[in-house]
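Chemist: Please build the complex by placing chain X on the supplied structure of chain Y, with the hints as guidance.
Number of protein chains: 2
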Amino acid sequence: MNLKEFANRLALSQTTVSRALSGYPEVKQATRERILKAALEYGYRPNTSALGLATGRVGAIGIVLKGGGEFGPHTSEFMGGLGGRLQQEEIDILVSTVDSQESELSTYRRLAASKRVDAVILHSPFLDDPRIALLNSLGLPFIVHGRTNSDGNFGWLDIDNFGAVRQSTSHLLDLGHRRIALLNGYRGRIFAEHRQDGYQTALSERGVAIDPALCGHGEFTDEMGFRLMQGFLKLDERPTAVIAGSMMSALGAMRAIRIAGMKVGEDISLIAHDDVFPYISPDHLVPTLSTTRSSIRAAGARIGEMVLELLQGTPAENLREVWPVELVIRNSTAAVKPA
Amino acid sequence: MNLKEFANRLALSQTTVSRALSGYPEVKQATRERILKAALEYGYRPNTSALGLATGRVGAIGIVLKGGGEFGPHTSEFMGGLGGRLQQEEIDILVSTVDSQESELSTYRRLAASKRVDAVILHSPFLDDPRIALLNSLGLPFIVHGRTNSDGNFGWLDIDNFGAVRQSTSHLLDLGHRRIALLNGYRGRIFAEHRQDGYQTALSERGVAIDPALCGHGEFTDEMGFRLMQGFLKLDERPTAVIAGSMMSALGAMRAIRIAGMKVGEDISLIAHDDVFPYISPDHLVPTLSTTRSSIRAAGARIGEMVLELLQGTPAENLREVWPVELVIRNSTAAVKPA
Chain Y
1 MNLKEFANRL
11 ALSQTTVSRA
21 LSGYPEVKQA
31 TRERILKAAL
41 EYGYRPNTSA
51 LGLATGRVGA
61 IGIVLKGGGE
71 FGPHTSEFMG
81 GLGGRLQQEE
91 IDILVSTVDS
101 QESELSTYRR
111 LAASKRVDAV
121 ILHSPFLDDP
131 RIALLNSLGL
141 PFIVHGRTNS
151 DGNFGWLDID
161 NFGAVRQSTS
171 HLLDLGHRRI
181 ALLNGYRGRI
191 FAEHRQDGYQ
201 TALSERGVAI
211 DPALCGHGEF
221 TDEMGFRLMQ
231 GFLKLDERPT
241 AVIAGSMMSA
251 LGAMRAIRIA
261 GMKVGEDISL
271 IAHDDVFPYI
281 SPDHLVPTLS
291 TTRSSIRAAG
301 ARIGEMVLEL
311 LQGTPAENLR
321 EVWPVELVIR
331 NSTAAVKPA
Chain X
1 MNLKEFANRL
11 ALSQTTVSRA
21 LSGYPEVKQA
31 TRERILKAAL
41 EYGYRPNTSA
51 LGLATGRVGA
61 IGIVLKGGGE
71 FGPHTSEFMG
81 GLGGRLQQEE
91 IDILVSTVDS
101 QESELSTYRR
111 LAASKRVDAV
121 ILHSPFLDDP
131 RIALLNSLGL
141 PFIVHGRTNS
151 DGNFGWLDID
161 NFGAVRQSTS
171 HLLDLGHRRI
181 ALLNGYRGRI
191 FAEHRQDGYQ
201 TALSERGVAI
211 DPALCGHGEF
221 TDEMGFRLMQ
231 GFLKLDERPT
241 AVIAGSMMSA
251 LGAMRAIRIA
261 GMKVGEDISL
271 IAHDDVFPYI
281 SPDHLVPTLS
291 TTRSSIRAAG
301 ARIGEMVLEL
311 LQGTPAENLR
321 EVWPVELVIR
331 NSTAAVKPA
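Those protein sequences? They're chains Y and X, same order as listed.
The first sequence lines up with residues 1 to 339 when you count with the UniProt record's numbering.
The second sequence lines up with residues 1 to 339 when you count with the UniProt record's numbering.
If you're looking for bench data, these hints aren't it; they were derived computationally from the structure.
Warning: the hint list may mix true and false statements.
[What the hints assert, rightly or not] As a list, the in silico DSSO-like pairs of lysine-lysine whose alpha-carbon atoms are at most 27 Å apart: (1) Y/K66 - X/K28; (2) X/K263 - Y/K234; (3) Y/K337 - Y/K234; (4) X/K4 - Y/K66; (5) Y/K234 - Y/K263; (6) X/K37 - Y/K115; (7) Y/K28 - Y/K4; (8) X/K337 - X/K234; (9) Y/K234 - Y/K115; (10) Y/K115 - Y/K66; (11) X/K4 - X/K37; (12) X/K263 - X/K234; (13) X/K4 - Y/K115; (14) Y/K37 - Y/K115; (15) Y/K337 - Y/K263; (16) X/K337 - X/K263; (17) Y/K263 - X/K4; (18) Y/K66 - Y/K37; (19) Y/K115 - X/K28; (20) X/K66 - Y/K66; (21) Y/K37 - X/K4; (22) X/K4 - X/K28.
Just chain Y, same shape as in the assembly (with noise of 0.2 Å):
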């Protein structure tokens, strides 16, 4: 039934009904609530605009977040730039929050059967995510924030990883630095390995051997960068660099070098991967802190335009891109001091 139709049928213009389903005061509450509830029964659909009517689309695109540590700042920023795109469609985003692996998969079932969104955005892929299998055979749309060496045709959206960190180990080997330690995150997730495999290779072409001992690895707090930095100072041949996965880590790693005695950007140098937190700046440091920087809210709107664009037609192997890091150099990072 389309508007025209539903209007005839109440004796109303489609003016009315229409004002009356988008919530515009002008209209009666009664008059509303008798639209509402014939909506209903007739099986008239006013839940989108007159393109989800039009398409069949609910509106909304699906996230699903485990709710001990993935409500953090990188979700919000990530969000933000998100929400930003799909407001200009009025397109809302769904927010499931799961307690585990199996919870999400279960999710992913719900959100399809209920059909409750138009596609999801899929984020931190493991190498092999069973994720994926799972919302091809459901048929849900979806975009990967990140990538994963999972079969299927799928789009997605990451950062070069890989690169950000070959670019900062080897602007730290230019410095002279041969000893440098990498606050990364947990094993198992890409974009982790990608920064590992950044770190060995820029270290393998100048012919440095790998140490163990300077890898450290962890969710990016404050803390972790602390603990993991306090560790590093201990050791008999301590690290002349560091290289931090974020600002949170960064800020933890440069209070356990002042509490040792020592200055950031003089005895020891740091570098890190910067987001763009809006609230916390790299040039507002003390040191001012060099960094690979790749906004992660830009990110998040890249994505919502590319779930857009899959919607509309696009195909999946049209809708993948890897973003350049780019490389700020400020005062955090100096040549090594001689022994």
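Modeler: Relative to the frame of chain Y, chain X by itself:
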């Protein structure tokens, strides 16, 4: 295929099918999975409004965020708590992004008209908030995170911002401080007004005059804390103590103090409001930071609970809570140094 045909094919009642598809816990897991599997196999796709017809609920709670600043660290923590509570009922969070107050208001109209959410959470209220009247007129149930002076019968949860800053100010006064600066949010926001009142009340109680030059306002970023603190330090009569509105602004203030060659907890006392971000803790700063503490994640969880209670028929006037805020004294606050 409609609900009746689908239920017949499964030899189940329509009620069981529709309860299973809307995630009610009364349905056995095995039955639910059988129904979900069959729904996919037969292409039966109940849309959310069909589910709404059966159960009267769509299973989503709305939250509207401004695209610029409202996707920040406070929001992700709050949503982590909210989502953690709602997931137990398989209820999702629908996030709508807007770019102005006007589009925020029209979004509530759209959400109500399309019956896309069962309730919304209104946050960051103003003293006199036009959203309250609109939500009431739309008949859209809501809980406010914060408080407002607006008329209307609604539930809310707020922390005791007045008591928090009254406590922190009194603590500094007890230590002999008389020049106490306040890094506050923007005027007009209720939480910032309450904090201002707490500050002024504590000073008045001791007969200390209020100096407007010691009160700064802005978004709680690292940069805001840094810039305002630098300004305070340039005053002819600089403050001997500072109250920061968040961990982010405290980080900036600490840096400004350090650059000026002074020590937090010796030359200047600092106390911050701590929303308990898991990735940056006052216990790990140097010196450890005295705080007033209240977990915004816990508030999100409780508001999720309150929304569920509201939808189950608890009167809104029984859903009002002010949470006390705990003063935690660490090493960043100390007796004022003799001039």
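Chemist: Which hint numbers doesn't this structure obey?
Modeler: 4, 9, 17, 18
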